[in-house]
Structures are given as structure tokens and as C-alpha cells.
Amino acid sequence: MDEQQLLKDIASREYGEGFETNIRQEFIPKGLSESTIRLISSKKGEPQWLLDFRLDAFRKWQRMTPPRWGHLSRLPEIDFQDIIYYAAPVRDEDRPTEIDPELEKTFDKLGIPLREREALAGVKPKSSVAVDAVFDSVSVSTTFRQHLAEKGIIFCSFGEAVQNYPDLVRKYLATVVPSGDNFYAALNSAVFSDGSFCYIPKGVKCPMDLSSYFRINAAGTGQFERTLIVADEGSSLSYMEGCTAPMRDTNQLHAAVVEIIVEKDADVRYSTVQNWYPGDKEGRGGILNLVTKRGLCKEGAHLSWTQVETGSAITWKYPSTILQGDNSTSEFYSVALTNNWQQADTGTKMIHVGRNTRSRIVSKGISAGHSDNSYRGLVRVMPGAENARNYSECDSLLLGSNCGAHTFPVIRSQNATAQVEHEATTSKISEDQLFYCNQRGISPEEATALIVGGYAKEVLSRLPMEFAVEAKKLLSVNLEGAIG
Amino acid sequence: MNRIYIAGIDEIPQRCTLEDNDLLQITIVCPPGYSSDINFAIDLLRPGVQLDLAGLYFCTRGERQNFNITVRHMVGGATSHQLFKGILGQGGSAVFDGLIHVAPGAGQTVATQQNHSILLDSASSSETHPQLEIYADDVECSHGATVGALNEDELFYLRSRGIPEDEARRMQILSFLSPVLNRLPEDKQKFLLDRL
Chain A
318 MDEQQLLKDI ASREYGEGFE TNIRQEFIPK GLSESTIRLI SSKKGEPQWL LDFRLDAFRK
378 WQRMTPPRWG HLSRLPEIDF QDIIYYAAPV RDEDRPTEID PELEKTFDKL GIPLREREAL
438 AGVKPKSSVA VDAVFDSVSV STTFRQHLAE KGIIFCSFGE AVQNYPDLVR KYLATVVPSG
498 DNFYAALNSA VFSDGSFCYI PKGVKCPMDL SSYFRINAAG TGQFERTLIV ADEGSSLSYM
558 EGCTAPMRDT NQLHAAVVEI IVEKDADVRY STVQNWYPGD KEGRGGILNL VTKRGLCKEG
618 AHLSWTQVET GSAITWKYPS TILQGDNSTS EFYSVALTNN WQQADTGTKM IHVGRNTRSR
678 IVSKGISAGH SDNSYRGLVR VMPGAENARN YSECDSLLLG SNCGAHTFPV IRSQNATAQV
738 EHEATTSKIS EDQLFYCNQR GISPEEATAL IVGGYAKEVL SRLPMEFAVE AKKLLSVNLE
798 GAIG
Chain B
53 MNRIYIAGID EIPQRCTLED NDLLQITIVC PPGYSSDINF AIDLLRPGVQ LDLAGLYFCT
113 RGERQNFNIT VRHMVGGATS HQLFKGILGQ GGSAVFDGLI HVAPGAGQTV ATQQNHSILL
173 DSASSSETHP QLEIYADDVE CSHGATVGAL NEDELFYLRS RGIPEDEARR MQILSFLSPV
233 LNRLPEDKQK FLLDRL
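From first to last, the protein sequence lines stand for chains A and B.
Read in order, the letters of the first sequence are residues 318 to 801 in our numbering.
Read in order, the letters of the second sequence are residues 53 to 248 in our numbering.
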């Protein structure tokens, strides 16, 4: 088949989650000022300390300039006064405690059941995943809360956590990502609307996977959610995050902050399947995904990041780990796929502070169409990190001759007993591999999907079951008809 | 053609192009006792040319070594190999910034880059930025970087055979450096070894 034709085919694939929900929503006026922040804070009935935190972050943000060091030539100048910072579905006054059926339908369509039907009927739930569903600026529902509460696990929206567990929130908020950390983190700290809060008590193994699902619906808005996860001593948790948005011609901003505190000997797995609307084949519209994610590992703790990035017009994301405690370990597994005019600048930071800390980075980039895909990472070994160990592997795969693949790692070692290794390769699918498949009757398209699947397998196999299935589907849909 | 530059003695060109020669070998040496900033950019302009670039650096007693190496593949079909090795001790530090750039349309490019450094003590530090910027699909590019210490098992092996520790460490360092050291003529090797 004609190579050019095939490449065009990938570009014309459909984005299945691009529908819009018609629902009555409440907006605040466009623009950003102290009064916007006061308005958001009062809408959520927040205590004074949180308002002070927001205002402090806002003042820091005003003195900052947007970072331009990313390899993201298509990142537009964002007019922060042209964004609606709060949009929420209006609750039906007759049924104040129930979820709007329209909303429920929306999430059902996205494959996220908001009702615990099977569980209530006494049947074993089909999928044992508790979901916190965030629609624009508010969390609409959190499932299986009762079940989790029996074990002492707190899983709720950030807003509820502020009301019900203010001490916990206050103790941990902004301890990993300070409010003035970077431009977008400061913006998020000032205007964040909702997100998920999760606390696993000492020694508890979370019986089911927890997940957050973020949906942008309203036009002209930005989503600024904040997730705070605390795993107390010896606990373990698997957390998943998913996201989608409607198809629009204009860019929408998504600037999230995720903070994870992994206490002594605790174990957290954080998985993301990012499927924001990537823009159309001419590169119009799409989500600008500019997020800050960071975890802090205490003694003997373990944090694992797994991400599958297929969406967003612009991705600027570096899930990082501070290995503060001795013997703590962290991993970062990533598959980033860019197509059409998408640009991704993503990677990780591993900061070794404690002794005998270990980290492993596996990043797989796939670029097609006119896209640019960059890995940017930092491995830092502080002077006290005796016997620290890092291994990084970054591979890039190019499909088509108009795309770019880049690698920008930084290795900074200040300890002689540390061992740091980094390797990276860039290649395309070889003629030999394709020929081998073709002569066995596998079409070029299938062969490409097969080879890419094999290439990404090391990362996909790290995902929880439910997610792995979705991620594989996403990769194959995005690569339909692709041939290098 | 084999060109050897020793920092502090020879003048190192900042920019050059590779067009006429089929194979160009360049070796850059930064001897101990000398801090330097080395900016070196080379453009590969003709298909079929081969660049073989190697470097060696020692940083001791608070010296700082800066490398800024750019290899640009402007046309397809060219090959480049880079190998940089460094020894850092007694508070020495080095920053290695190496970029391989493959221009759009420069298919059939083969480019590799390796940077290995050994930290002799924790007062020293090493920073490495091995970068790839690739705008063509039919390429084979790779880079590798390691930072570590001298292998304790090797040291034990040598010492158990009656070699004193200092001598054993010297042997380890020499074997680590030998791939680049062997590219130098004997007199220059001797010049370096006397300063180790």
C-alpha cells in the first residue's frame, strides 16, 4: 500500500470521546484576579487558611513568567484573562443528593460507571475500581466510599477533604510541590477547583484500585485539579488516572498538580492513561496539558509512575520522585505517542537524596505525522546518596519522515559510590521486521501495530489490567494504518 | 586524517565542516591541572563522510571542565561516532553537553555518542547532557552515558595478586581510558601519563 496514503489514514482517525454533554452549568466570569480567587474559594466554602494559601500562590504567580524551555514550538501564548476558571454543573434543586442523569450517561458512555449497581445487588463487582469523577471544576461522584471507609481509607473529592479532614489536608498540602514551584503549579495553587484526595492509614493494603477521571466539558474553561495522595507507613495503593475532553477548534488549558506522599515502607503505583483531545489533523484545537506531578519517598518507600500519553495538543509533564529516605525506590515507565501536529515534552526527574536509593526509567516515544516527541529527564545524585543506582533507557520510534524525536537527559552525580547509566536509541520500524511479518501473511498495518505493541510492551505490562486493555486499544486506534 | 588537540597547548577550532575527507578522526585531550571551556561544532555536509570524534578529560583539585559538542548531520548517509571519557577526583567537576542533530531529510544517518565518567571521590561531580534532536525517520542514532566509580571487584582481583592499591587503581584508570588513549601517538601518551 502507498506509504503516503497510509500516513494520511492515521491522521484522519476519529477521537471517540469528542462529544459534548448538554447540561445546565454555572460559570463565573472570565478573567483572573484576586476577586476571582476569593469567588472560587467562597463558592467552595473554604476556610481562611486555604484562601490565604491561594492568594499567596497568586502573588507568586504574578511575578513569574511562563517557561519556554520545552521543545514545544506550537505552544501558543496563553491569555490567562480569557479563561473561565470555574464551571460546575448545576444541581437539580428537587433532587439535591442525586447525580444528574445526563452526567451519569456521559460517564457511562466513557466507560466510567458512577453507580455501584453490581455491588449493591450483592454480586461481586465486575470491576473493582473506585472512581472519583471530576466534571469541569467539580467532583460529581466518588464511588465505593462506604466500602473503603470500613478500612479507614479516605477517598473523596478535594473539596470534601478540606471540609471533613482539614488537619490532614493542611499537613500535607504543598509539601511536595510548593505553591511557587513553577509557573503552572503556582497558577494551579491559586485557582485549583477540585480533584481527588486519598489517605491510606498505617499498614492498610487498599483492597481495590482507586482512580480519578477528569472530564473537561464546557467551552472556554480551564481545568485546574489538584490531587493529593498520602500513603501512611507500610500501606499500599494502586491509583489510576484517566481523562478526556470534547473536540473543539480552540485550545483549552489543563494545569493540574498531583502530590504523592509515600511514608516509610509504603508502596504506591500511579498509572495514567492520558487521552485528552489532541486537536484535529490540521493541528487546530486540543488540550494544552501542562501538569506538575511529584512524589516524595520516605525510608524504604516505593513509588512507581506508569504513563501512557496519547492525547493533548501539547504535553508538558514530568512526573518526578524525590527519594528522600534511605533504601527508597522509584520507577518511571512511559509510552508517549504523538501524531498529526501534537507536541510532547515529557520525562521524569529522579532526585536521589537518601542512601541506597534506586530508580529506573524506561521511556518509549513514538512519533508520527508532523509531531514532535521529546524525552527530557533529570537524574540527580546528591552528595549524601551513597550507593545510589539509576538506570535509564529512552527509545524513540519514528513513523514517517516529517516528525521529530528528541532526547534531552541530564545526569548530575555528586557521589562517587553512585552508579548512573543512561542509554537512548532512535530508529524506525525496520524493513526486515516488516518483511518478516508480510511474508507470513500479516498486512503492513497489522504488522506495524504488532511491532509497536511489542515495543511498548515493557511499559504496558506495568499497567493495572483494566488500564492495560484501554491503553492497548488507544495505541492501536492511534496507529491504524501506520507504516514507517 | 587524524587530528589531535591538547587543551592549553593546541588551539581547538570552534566550528568546522566535514565535506572533503572520507574519514576524519579528531581527538581532544584535556590534561590535568588545567580548566577549560571547549566549544566544538561540526557539520557533516556530504553523504558518505565519517566522523570519529573522541575526547579525554581529567579534572582534579577543583578544576572545571566544560564540553559543548555539537555534531550536525545536514545530509543523509553520513556516519558519526563520539566517545568521551573523563576522570574526576579531588573536587574536580565536569559538564559534558553533547548534541547530535539530524536535519530533516537526512536519512540513512548513523550517529552514536558515548560519555563515560569515573568519580574518584564524592567531592567531585559530573554532569552529563547527552542530547538527540532528530528530524528524519530512517536513522540509527543512539547515545549512552554512565557515571560511576572504579570497580571494587577488579581492584580486589589485582590486589589479591600482589599489586599495591595505588598501582592497581592506576591500572584500572588506564584500562578505562585506553580506548581513547590508544589513539594518541606515543610521545603524547607519555606526556599525559606523566601528569596523571
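Worth flagging that the hints you see were computed from the coordinates, not collected in a lab.
It is possible that some hints are incorrect.
Heads up, incomplete: computed chain A residues facing chain B, CB under 10 Å, no partners named [claimed, not checked]:
id: 1; residue: LEU356
id: 2; residue: SER358
id: 3; residue: SER359
id: 4; residue: GLY362
id: 5; residue: PRO364
id: 6; residue: PHE370
id: 7; residue: PHE397
id: 8; residue: SER691
id: 9; residue: ARG729
id: 10; residue: THR734
id: 11; residue: VAL737
id: 12; residue: GLU740
Just so it is clear, the structure is predicted and the values come from calculations on it, not from any experiment.
Note that beta-carbon positions come from the ideal geometry of N, C-alpha and C, so glycine has one too.
Right, here's what the structure says about each hint:
no., hint, result
1, LEU356, "violated, 44 Å"
2, SER358, "violated, 42 Å"
3, SER359, "violated, 47 Å"
4, GLY362, "violated, 48 Å"
5, PRO364, "violated, 44 Å"
6, PHE370, "violated, 35 Å"
7, PHE397, "violated, 31 Å"
8, SER691, "holds, 9 Å"
9, ARG729, "holds, 5 Å"
10, THR734, "holds, 6 Å"
11, VAL737, "holds, 4 Å"
12, GLU740, "holds, 4 Å"
Consistency note: the structure conflicts with the earlier hints numbered 1, 2, 3, 4, 5, 6, 7.
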